[in-house]
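Chain by chain, the residues run as shown.
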Amino acid sequence: MAKVNGGKVIWPSLASSTTQNSTCMHKTWWKILGAGLVIYTAIAGLLLGVPRLAILNETIRNLYFHVPMWFAMLTLFSISIFYSIKYLLYGKESDDLRAVESVNVGVVFSLLGLVTGAFWARFTWGQFWSFDVKQNFTAIAILLYFAYLILRNSIDEEQKRAKISAIYNIFAFPMMVVLIMVLPRLSDSLHPGNGGNPGFNSYDLDDRMRVVLYPAFIGWSIIGYWIYTIRFRIRSLENKQL
Amino acid sequence: MQLIHQVKHLIRKEILLEWRSKYALNGVLLYVVSTVFVCFLSFVSIPKLTWNALFWIIMLFASINAIAKSFMQESRGRHLYIYTLVSPVALIIAKTVYNSLLMVGLTLIALLFYSMVFNFPTGADVLMYLVAAVLGSLSFATIFTMVSAIASKAGNGGMLMAILSFPVIIPVLIVLIKLAKNAIDGLDRSVSLDDIGLMLVINALVMTASLLLFPYLWRD
Chain A
1 MAKVNGGKVI
11 WPSLASSTTQ
21 NSTCMHKTWW
31 KILGAGLVIY
41 TAIAGLLLGV
51 PRLAILNETI
61 RNLYFHVPMW
71 FAMLTLFSIS
81 IFYSIKYLLY
91 GKESDDLRAV
101 ESVNVGVVFS
111 LLGLVTGAFW
121 ARFTWGQFWS
131 FDVKQNFTAI
141 AILLYFAYLI
151 LRNSIDEEQK
161 RAKISAIYNI
171 FAFPMMVVLI
181 MVLPRLSDSL
191 HPGNGGNPGF
201 NSYDLDDRMR
211 VVLYPAFIGW
221 SIIGYWIYTI
231 RFRIRSLENK
241 QL
Chain B
243 MQLIHQVKHL
253 IRKEILLEWR
263 SKYALNGVLL
273 YVVSTVFVCF
283 LSFVSIPKLT
293 WNALFWIIML
303 FASINAIAKS
313 FMQESRGRHL
323 YIYTLVSPVA
333 LIIAKTVYNS
343 LLMVGLTLIA
353 LLFYSMVFNF
363 PTGADVLMYL
373 VAAVLGSLSF
383 ATIFTMVSAI
393 ASKAGNGGML
403 MAILSFPVII
413 PVLIVLIKLA
423 KNAIDGLDRS
433 VSLDDIGLML
443 VINALVMTAS
453 LLLFPYLWRD
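So the sequences go chain by chain: A and B. Using my numbering, the first residue of the first sequence is number 1, and each one after it goes up by one. Using my numbering, the first residue of the second sequence is number 243, and each one after it goes up by one.
Heads up, some of the hints might be wrong.
Claimed, not checked - Each computed DSS-like pair below joins lysine-lysine, with the alpha-carbon atoms no more than 30 angstroms apart: (1) B:Lys-395 <-> A:Lys-92; (2) B:Lys-395 <-> A:Lys-160; (3) A:Lys-160 <-> A:Lys-240; (4) A:Lys-160 <-> B:Lys-311; (5) A:Lys-240 <-> B:Lys-395; (6) A:Lys-240 <-> A:Lys-31; (7) A:Lys-160 <-> B:Lys-255; (8) A:Lys-92 <-> A:Lys-31; (9) A:Lys-86 <-> B:Lys-395; (10) B:Lys-420 <-> B:Lys-255; (11) B:Lys-395 <-> B:Lys-250.
Source of the hints: derived by calculation from the structure; they are not laboratory data.
Chain A extracted, bound-state conformation:
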C-alpha cells in the first residue's frame, strides 16, 4: 500500500478514484503507476520548459518518447533472455511462452524507437534515414530478433522449438548488446552521445528534463511489461483450449 501512496502524491485524483476496489490494489498498483507516469510524461513532455538549443529547438522533446522506447525494449529483451535461461534449466513450457511474448512486445518497442528516431532525424539531420551507424546497427539488431521469430516458425515440434529458440535467443543477446551499445561508440555518428556530439546528459543538465525523462523510462517499461503479461496470459489460455 505504501507504493499506492507514492502514486497518490503524483496523481491525487486518479489514486482516490481507484481506492474503491482496494481489494485487488496489491495487484494493480503498478499498472496505475505505469499508466500515470506515461500520461504524465506525455503531457509534461509537451508542455514543460526545455533548454533552447540551436538546430534541436523543440525537437529535443523527442528525447522523452524516443529513448524510453529503447529502455522498454531492453527491459523486455532482458526478461526474455531470463526466461530462456530458465527454460533451458527447468524445461517448463510457460517459460518458453514468456520468452517469446516478451520478444514480441520488445520488437514492437524497438520499431517504435526506430520510427521516433527517424522522425527526429528528418527534422534535425534532414532525412528519415541518414545512413547513420546508430540507425544501421539498431536495424540489424532488430533483424536478429526477426530471425529468432522466423526460427520459431520453422520448427513444428513444440519442445524442440522451445529449446532451439531459447538457445538462439541467448546466443543472439550478446551480439545485440555489441550492436547497439559497443559498435556505435567506436565510429563517428551524428547521434547525440556519439562521435563527439554531446549526449543527452549534457542536454538536460537542467533538472527540468530529468523530471520528465526518468519517469518516462520507468513508465514505458511498466507499460511494456503490462502488455507482455496480457499477451502471455492470452497465449497460455489459447494453449489450454487446444
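Let chain A serve as the given structure and place chain B on it in line with the hints.
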C-alpha cells in the same frame, strides 16, 4: 585430460573424413575460385575500397557454404553414435577447431588467388592484411559452427542458416572490414590494435556462449 583426448580424436576423425572424400575442400575451393573469376570478368579492375569489400563478401558466402555442412552432412544415426561416445563440449570444440583450420586455409588460398587476379593495392600493409584475414576466418568459424548446429537441429538447412547467421556475423564483419581497410590503406599498425582487441573479445564471447549452450542443444 579426457576432454583433450576426445577433442584430438574428433579432429582427427573430421580431417580423415574430409581427406577421404575431399568433397568440401575442393567444392569450396572451386566455389571461391570461380566467384573470384566471375568478379574479375565483370569488374576487370577495381578501386581500393571495392577490393576489400569484394574479398570479404566472397569469403562470407564461401564460409557459410563451407561450414553449413559441418553438422548437416552427418546423419541422425551418426549423431546418436557420437552422443554416446563423447561429451558435447568436446564435440563443439573439435568442430570449431576443425572449421577454424579449414577457414584459415581457405582464406589464405582465396587471398592468394584473389591478389593474383586483382593486384594487391599499392601501399598496402600485406602482413597486417594477413592478420586481419586470419582473425576474420577464425570469427567466421566460431560463429558459423554454432549457428550451423542450431540450424541443423531445426531441420531445414540452407535458408535458415543464412537468416540466423547474417545478423550475428554483421557486427564482426563491420569490424573486420574496418581492420582490413586500415591494412589496405597502410595505416600505422597501432591504429588497428583496438579493432584487433574487439575482434578477439567478440570471438571469446561467442566461444563461451557456444560452450555453455551447445550441451543443451545436443541433448535431444
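Enumerate the violated hints, using their earlier numbering and listing them in ascending order.
10
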